[in-house]
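Please construct the entire structure, taking both the sequences and the accompanying hints into account.
Chain by chain, the residues:
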Amino acid sequence: MNETIQVRPAEAVELPEDPLAFSIEAYKRGWTDGLPVIPPTPERVSAMLAAGGRDREESLGVLAPRSGVASVEVVAVNAVLAGCDPQHFQVLLAAVEAVARPEFNLAGVNATTHPVAQLILASGPAARAAGIHAGSGVFGPGHRANMCIGRALRLVQYSVAGARPGAGDMATFGSPAKIAFCAAEREDASPWEPYHVDRGLDPDDFAVTVFPGEAPGNIQDHASTNAEGVLSTIAGAMAHTGNNNILYPHKGRPVLAVGVEHAQTIASSGYTRLDAQKFLVEKAYVHRDRLGAEFQASIKPLRKDLPELMPMVHRPEQIQVFVTGGPGKHSMFISTFPSSVETTVSWTPKGR
Amino acid sequence: MNIQVLSPFTNVHTPIKPMAPRPASLEGLRPGIIENSKPNAQLLMETWIEELRDHAALGELSLGHKSVNLPPSKELLEQMKANADFVIIGTGDCGSCLAWTVRTAVMLEELGIPTVCAGSHVFEEQFKLEAAHSGMPNLKFVFVQHPLGGVKPDGVRAKATAAFPTVLAALQTAKAA
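Protein chains in written order, with the numbering used here: chain A, 1 to 352; chain B, 1001 to 1177.
Some hints could be false.
Reference listing, derived: stretches of chain A covered by chain B, where coverage requires no fewer than 3 residues with Cβ under 8 Å from a Cβ of chain B [as the list claims (entries may be wrong)]:
1) 36-46
2) 122-132
3) 161-169
4) 209-223
5) 261-272
Partial chain A-side listing against chain B, Cβ under 8 Å, derived [unchecked claim]:
6) I5
7) P16
8) V62
9) T112
10) T113
11) P115
12) R315
13) P316
14) E317
15) S339
16) V341
The hints are simulated quantities; they were obtained by calculation from the structure and are not laboratory data.
Being a predicted model, the structure only gives us computed values, none of them experimental.
All residues carry an ideal CB built from backbone N, CA and C; glycine is no exception.
Spelled out as structure tokens, the structure:
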């Protein structure tokens, strides 16, 4: 049964015009993450809405845990607060649609004690149109689109979904990735096809994928000269005790952000993305003896069996691989919330 | 000087859902347990079933399993609908597990099955928030002293016994309890 979702207009209120006084008052009202915010005047919100090309009263979904209705208008208000430009807005709308889909399991992602953030990856022309950075410092700080779009999605979780630390968002530690987490791919330097193309879209499609990911962990390898070397290092970094993905190798979908130099080394050995994924399935494992007896007992019902070498994932396509970042022999592994599936939303801008 | 701005808050979509009526007595009723694979969940709830059997002649236990932080399967709901007259579900001793403990309990209540959610006490406010946002603010809970993980069986049973009166009260009418 389809329930009718009522969308109410955003409430207008009077707040101080002075920037500092406005930010302090906005914070007191629970509108912000603690950082300063831009006043969402009706004019700024209208400009945002005009760039979105969607009906302001359209619902993008109902966001857990608060069951807040994510109208296009209220997402625009949060975009202005976060400092977004209108050119960022379509990426944000797609990201909100992505996390609202059932397979993303926002009820779990937002409520969990596991420090799960929401990584936005813009692909193809969507990243270029929004000016999302893909080079050095891709995960921040320093690049306005990345910071503002990522922060806007977090403010939507805050004010629309009701995911507030200690009430709605029960992350034991929280995470710096919950402040802003948005990136683009290095399509210019990747030896493989863009991530959205790997997911069945056309290169010219505007696309955004949101991953239920933790803060990234670094993997450095300055020595290896071939795929097997780099991937062995990556496999070792992916597989560690205490990682949430180790609980559910049959369904977890961890993310590997491969640095440009590592990607080129891997590809120089003739490895496709799928070859790299297959290698990692074989080599990313934790030796059972590294787990305590009680921990082993607790995960037996989840894994059905506990082989001596416990794989992190069972199938190559579970590992989400894209190329990003600047110069340097580093990659990043991003553990994910295993009961959530990354979600891609694509769209066609007006006039195309 | 003030300026006009728009609020980032929004309305919620939480149609209120009716709870299942409570029986006057548990006599002859068939218990159900849904355990979500959290450490000690099954032991905790089986201890309560044993203690309930001291109060009433219960029927056969239906034991169900669900993923810790995903919705229940259709088959699990059908199993409980067919075989259980009341259900204890848990445990919620973390954020995502309690979210889907509450949401599954709401589904069971809508099927007409009196249900009580088991969790640990440090998450009490989050349980209540999830229930209210799921359209069932009066959903029944039982909280044991946190933590549940990393506790030996005797400790789990002691926690269960301490909270047992709440289980009994949650499953019957106030008069019967």
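Verification of the supplied hints:
no.: 1; hint: 36-46; in the structure: holds (count 5)
no.: 2; hint: 122-132; in the structure: violated (count 0)
no.: 3; hint: 161-169; in the structure: holds (count 4)
no.: 4; hint: 209-223; in the structure: violated (count 0)
no.: 5; hint: 261-272; in the structure: violated (count 0)
no.: 6; hint: I5; in the structure: holds, 5 Å
no.: 7; hint: P16; in the structure: holds, 6 Å
no.: 8; hint: V62; in the structure: holds, 5 Å
no.: 9; hint: T112; in the structure: holds, 4 Å
no.: 10; hint: T113; in the structure: holds, 4 Å
no.: 11; hint: P115; in the structure: violated, 11 Å
no.: 12; hint: R315; in the structure: violated, 18 Å
no.: 13; hint: P316; in the structure: violated, 23 Å
no.: 14; hint: E317; in the structure: violated, 20 Å
no.: 15; hint: S339; in the structure: holds, 4 Å
no.: 16; hint: V341; in the structure: violated, 11 Å
Violated hints, listed in ascending order, are 2, 4, 5, 11, 12, 13, 14 and 16; each of the other numbered hints is respected by the structure.
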